[in-house]
Amino acid sequence: MSSVDATPIGAGAKARGAGGRRPIGLLLVAAPVALVLGLIIWPVALSVFDTLTVHGPQGLEFSLEAYRFFFTDGFSLRNLWLTIRVAAICTVLLLVISLPIALYLRFSETRLAGYIQALALFPLFVPSILLAYALIRTLGPNGTVDTLLVAAGLPKMPTPYLTPWGPIIGLVWDNLPLTLLIVLAGLANVSRASIEAARDVGAGSLTILWHIILPRIRGTLLVAASFVILGLFSAFTLPYLLGPAAPEMMGPFMRRTIIEVDDPVQARTQAVVTFALCAVFALFYVRSVARSRREQTS
Amino acid sequence: MATLETRNLGRRFGPTRAVDDVSLAVGDGELLCLLGPSGSGKSTVLRMLGGFEPPSAGAVLIDGDDVTRLAPERRPTGMVFQSHALWTHMNVFANVAFGLKLRRLPRAEVRRRTEAALDMVGLAGFGERRPTQLSGGQQQRVALARSLVLEPKILLLDEPFASLDQHLRERLREEVREIQRRAGITMVFVTHGQDEALALADRIAVMREGRLEQVDRPEVVYRQPRTEFVAGFIGQMNLIDARVEGGRLFAADMALPVALADGPARLALRPEDLGLAAATDESGARVLRVTDFGAHLAIDLETIDGQRLKATAEPDAGWMAGMRVALRPRRFAVYRDGHLCPMPAQRAGDPPVSLQTLVAGQPAATAGQPVWHHHQH
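Protein chains in written order, with our numbering: chain A, 1 to 298; chain B, 1 to 377.
Bound-form chain A, shown alone:
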């Protein structure tokens, strides 16, 4: 009889305990939520509202005119397309470059690995404006590379400066540390023993990479790609300083539209379109994180 009575009492105590903790938890969450609401969600909502309305004779009216303009304007579309292309190329290059470095850093036992890691993370500490000017000095016309080529009796190279390859080179350099760190974190979950076990049953390096390592870090690579793409869409300094004038990437395009063209509604429309594209990749990221959580708990 006593055990039957004990259950509701215990359950009640548990419920009170959880209720007692709830205000503290809500308070802790309140500050960041308020900041996000006030400084991000509210202005974003205003912007979106602006792009969807026009001032008509009866006051504000709903209108898709701003978007109709953006998606019929060849110049805007070319800029959007360039941004997507640069982001795609950069992402592929970053993954292709950082994966071998990360593999080396993860599984090498030499002291050299420490220096290579420091070197790979170095761009993290260089402001992108310095990087931009350094790249102009080295890869620009008559820059260091040209000087060396001429000294070696070779023809000058076609400079990437002011072509889409300018920002691509700069952005890859700039985003390498972040990508590398994410991939390294993913590789930390691939135990040395699981690779040794594969070698033990006769697998060579490529087989191990394809059948053992890549399946284990697929989620990580997705996360890295989403992060990089999000960063690339909002990149400004490097495309502005290294990229072509037309077509231009969305960052410089938005700045020019609002400052030089003085068309805030069109600038906001560009921002909303960019944001919508980013949201798709953010969704990828969130889903991948949720899935890996599920796998860990199962």
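Certain hints may be false.
[To be verified] Now the stretches of chain A that chain B is said to cover, found in silico as 3 or more residues with beta-carbon under 8 Å: (1) 187 to 197; (2) 201 to 214.
[As the list claims (entries may be wrong)] Keeping only pairs whose Cα atoms sit at most 25 Å apart, straight-line, the calculated DMTMM-like set for lysine to aspartate or glutamate is: (3) B:Lys101 / A:Glu196; (4) B:Lys153 / B:Asp65; (5) B:Lys101 / B:Glu151; (6) B:Lys153 / A:Glu196; (7) B:Lys101 / B:Glu115; (8) B:Lys153 / B:Glu175.
Note that these hints are calculated values from the structure, not bench results.
In this text, a Cβ means the ideal position worked out from N, Cα and C, and glycines have one as well.
Chain A is already provided as a structure; the job is to place chain B on it using the hints.
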């Protein structure tokens, strides 16, 4: 069906010699245990056998062929890792079948052999499960099946059951022994558990600080430890500071006849070889604690000079904490500078009569001779 040999195997990590001058020969179908404390180099030896660690010196031979420079994927060895090292993104069947698929065997044969291997480790029907859905013991069985399915000449096991609980460990140990007997496979088994080594091994190689201390059959390692380290490491052993004077060894309140030069020495006594008699006065050792294990009593003693000793007695011997006892060693060994002192068999007429000096001489020279007599009491 294979023999394994190492010749003067060595491995340095910077200035430290993790493995130093290890020469071993493992016979066809033999199960050798590498036993030693953490950091004694036993895992490094195993990893060199498997090809995961390049030796700094020496050679590894399998069936007489030098495989020292061969990569793991080219060696006829299979390794079972301490951490299972299963591939969690594959199901159990794919884990076991992976090596067979790499060998491009027909699909039907891959299926047949994989299922046979799973059956052998008692996991038939578990193929579709994920490794994460299995218990620790089941995971280790999958790892075992993954190695066995390739029919390696030599199976290497690196503390495979260290992460399992005692009960499961004992069961898996028996299963491994059974599989080893049935398949006649040559095995090297690394462990730091002496029970495991004594229960499993055909021979035990005791390692300490990268070197081999003794390689012998389990009962020889237990009864005739060649060094003080082996004596202390295998089984329970009372190691007591003693001194020899005029042909007698004095330790605690014991005086034992020995044929040794005067000087300090260490007396080694197994708890089961330490007989107890009721003391007539207060001069004997004091019983601190008596633990009843059912089959025997474990008795903790403190000698008059403050040394702690362990003894075992019959369950109905009637010893209780607080009693005073006289120590009556039935068998003992003496070590000097860490090494067993060779002594001639006991001279007749030496008092006390109940003592027998049971110490091996040079094991090679005395092999086959009954140097260790059991005293019946």
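May I ask which of the numbered hints given earlier this structure violates, with the numbers listed in increasing order?
Checked against the structure, no hint fails, so every one of them is satisfied.
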